[in-house]
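Next come the chains, spelled out residue by residue.
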Amino acid sequence: MRKRISLFFVFAATFGVFGVFTYESDAQRRLGPFSHNTRAHKEGKYNDCASCHSLPTKNWQGRSLFPDVATYPYHTSCFGCHTRDIYTNSAIFCGTCHTEPSMRARGGAGVLPFPGKGHARQFNTIFPHDIHQDLIATSPPPRSTAPNTDYAVAHFVRASFLLRGNEPVRSSSNPQFYNCSICHSTSNQIPKNLTRKIGDLKPLSDLVPDTFERPMTAAFFKRSPTGHESCFTCHYQYQNLPAGKQNCAGCHQLTAPYFEKKATERYSLKFDHDRAGHGDKDCISCHVRITQQSNIALMKDADVPIASCWTCHATNENDRFRRILFAEIESREKQATFQCTYCHTSAIGRFEIPASHRKP
Amino acid sequence: MRIQTLILLLALSTGSAAAIAQAPASAGTVVVKGALIKGKDKRRALDRKRFYLFKGGLGENQPLIDRIKAARITSRDCYYVGLKASPCLLAWLREENCETPFCRKVKREDIASVPEFQAAYDKGLTLYNRKADVAVSWLLNNIPANLVSGFYRQQKSLVATILGDLKPVQSTMTTSTAAEGNFVGVATGDKPTKYLVSNLLPVEIDDKSYVWACEVDVSRNKITSLPLSLDPKKKGCTLVVSDLKSCTAETCVKK
Numbered sequence: 000m001r002k003r004i005s006l007f008f009v010f011a012a013t014f015g016v017f018g019v020f021t022y023e024s025d026a027q028r029r030l031g032p033f034s035h036n037t038r039a040h041k042e043g044k045y046n047d048c049a050s051c052h053s054l055p056t057k058n059w060q061g062r063s064l065f066p067d068v069a070t071y072p073y074h075t076s077c078f079g080c081h082t083r084d085i086y087t088n089s090a091i092f093c094g095t096c097h098t099e100p101s102m103r104a105r106g107g108a109g110v111l112p113f114p115g116k117g118h119a120r121q122f123n124t125i126f127p128h129d130i131h132q133d134l135i136a137t138s139p140p141p142r143s144t145a146p147n148t149d150y151a152v153a154h155f156v157r158a159s160f161l162l163r164g165n166e167p168v169r170s171s172s173n174p175q176f177y178n179c180s181i182c183h184s185t186s187n188q189i190p191k192n193l194t195r196k197i198g199d200l201k202p203l204s205d206l207v208p209d210t211f212e213r214p215m216t217a218a219f220f221k222r223s224p225t226g227h228e229s230c231f232t233c234h235y236q237y238q239n240l241p242a243g244k245q246n247c248a249g250c251h252q253l254t255a256p257y258f259e260k261k262a263t264e265r266y267s268l269k270f271d272h273d274r275a276g277h278g279d280k281d282c283i284s285c286h287v288r289i290t291q292q293s294n295i296a297l298m299k300d301a302d303v304p305i306a307s308c309w310t311c312h313a314t315n316e317n318d319r320f321r322r323i324l325f326a327e328i329e330s331r332e333k334q335a336t337f338q339c340t341y342c343h344t345s346a347i348g349r350f351e352i353p354a355s356h357r358k359p
Numbered sequence: 000m001r002i003q004t005l006i007l008l009l010a011l012s013t014g015s016a017a018a019i020a021q022a023p024a025s026a027g028t029v030v031v032k033g034a035l036i037k038g039k040d041k042r043r044a045l046d047r048k049r050f051y052l053f054k055g056g057l058g059e060n061q062p063l064i065d066r067i068k069a070a071r072i073t074s075r076d077c078y079y080v081g082l083k084a085s086p087c088l089l090a091w092l093r094e095e096n097c098e099t100p101f102c103r104k105v106k107r108e109d110i111a112s113v114p115e116f117q118a119a120y121d122k123g124l125t126l127y128n129r130k131a132d133v134a135v136s137w138l139l140n141n142i143p144a145n146l147v148s149g150f151y152r153q154q155k156s157l158v159a160t161i162l163g164d165l166k167p168v169q170s171t172m173t174t175s176t177a178a179e180g181n182f183v184g185v186a187t188g189d190k191p192t193k194y195l196v197s198n199l200l201p202v203e204i205d206d207k208s209y210v211w212a213c214e215v216d217v218s219r220n221k222i223t224s225l226p227l228s229l230d231p232k233k234k235g236c237t238l239v240v241s242d243l244k245s246c247t248a249e250t251c252v253k254k
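Chains as they are written, first to last, in numbering that gives the first Met the number 0: chain A, 0 to 359; chain B, 0 to 254.
This is chain A alone, in the form it adopts within the complex (with noise of 0.2 Å):
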């Protein structure tokens, strides 16, 4: 008897190990993301969106503020060339859209999340900002003051980072001119942040701890639409859009799987854009060559260039701030530890000064 017992418990040891590591959960079973990239899913009557995608879905009021697409597309859509993967594979091909990845997958609330999560980007988006920036050009009432700008090419820093939803929009005393802040707003948080890699210039001194003079806020920082949501303001269901760009290939333009950054990354970590002189000026006083940028897939980010601030921040006025640029570089010359940081975080400020921050 005892034998017996201790043989029952032998077997079932073993049928535990087993199945501890034959066992698959959901998400092992599931297939990879669908892949809008493969010949079948992108010729023939699948080079039209609209064959699956539709605008709105069904299902927008559920789960929008407004018409969007919402959902994947319907069974219609899969089943004209899939019919045998719900029968083959233990249906693991309904786990492509459905929480359950097998027959008994369901509707409603059995439905991945849409847009999928984790996944990898397979669209650039198409947005000329120049057309963008011709059309949307408001003049605010006339201003008395007149500030001189001197520019000159220098480096591309990212000012904006993405936030979905309908975070709210911080609000401002600033002056709003309706064209960027259309889709760049100011957010209420503060966003992931980094400082951006240098390549060329090499550190002269060591990382030190880094202060604020003024703390960081939300209002550093700019958003970028995620969604449809600032889109569908001109064009939804295509609506004014060139010929032959009416279609969802208008804007979403397939490439290579891609991953978003999840954090701003900044050359100058303590500019404040809300702050007087700035907050108050064009956006494109400062991002001056976003008027001329056609295709936001060529952007390595938005363009600042360092002449942008000079007007304010190098002048031979008997003032810190006024003169800061200068007094950082003469610091540097004495001293080849200095580090510039009122602008920029040590990660920066320790390394070399680039040749484009010395004013002609």
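Don't read these hints as lab results, they were simulated from the structure.
These numbers were taken from a predicted model, which means no experiment stands behind them.
Any given hint might turn out to be false.
[To be verified] Across the chosen pairs, the derived CB separations fall in these ranges:
1) A:S204 <-> B:A144: 56 to 62 Å
2) B:T250 <-> A:N58: 46 to 52 Å
3) B:A144 <-> A:S355: 39 to 45 Å
4) A:A296 <-> B:V168: 20 to 26 Å
Note that beta-carbon positions come from the ideal geometry of N, C-alpha and C, so glycine has one too.
Go by the hints and put chain B onto chain A.
Positioned in the frame of chain A, the structure of chain B alone reads:
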């Protein structure tokens, strides 16, 4: 073979690094200044206007200037009157000196007074499941395309005609705070290089339209300022002035 490849790669990378480092040294900047150009209402007329930069001075770009002079212009008012737009739409555009309805936000209170807005709003309510907020903020989707973007398309087509095969080196837009536009990283050599700056598209000021074509000498590491003026005799500039055809619509009677 490997060493040769390595040397070649090193030479190439050193060369390209040097080229990048030298790029700012062989470039200059042009600042177009339009703050002094004002209409009778004392408002700056050159806020948010696009300017183009071309290689060569006035002489080299004479064919371009001839095309600017020959261009047939339809003013904003004539365009919308020609489309039989309501007098109130035209009044709404004029209020903020707008060329298209994209130019400023359509407020709720504007809707009742502009028939085109009212029709678009009503259509939106039907399309967007009676959601009034969406119908207001998506109003431009439901206005006929000619009224929304037709004038812009006409302007683009005029630019294409004026340019012909010529390609501008850069374009820039003037700011709404100072009416200044910047051409940065303009290539130049040891000696100053001549460029031409022009807005190509006529700017309407009161009852006339203006196109500037001004030459500038761009020097290495220098900021060249180009203050624009309404003086037709200004040295280095050709100012093309045209009388605007009067296309007055009926008076807008607000509801």
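Here's how the hints hold up against the structure:
no., hint, in the structure
1, A:S204 <-> B:A144: 56 to 62 Å, "60 Å, holds"
2, B:T250 <-> A:N58: 46 to 52 Å, "48 Å, holds"
3, B:A144 <-> A:S355: 39 to 45 Å, "44 Å, holds"
4, A:A296 <-> B:V168: 20 to 26 Å, "22 Å, holds"
When held up to the earlier numbered hints, the structure conflicts with none and fits them all.
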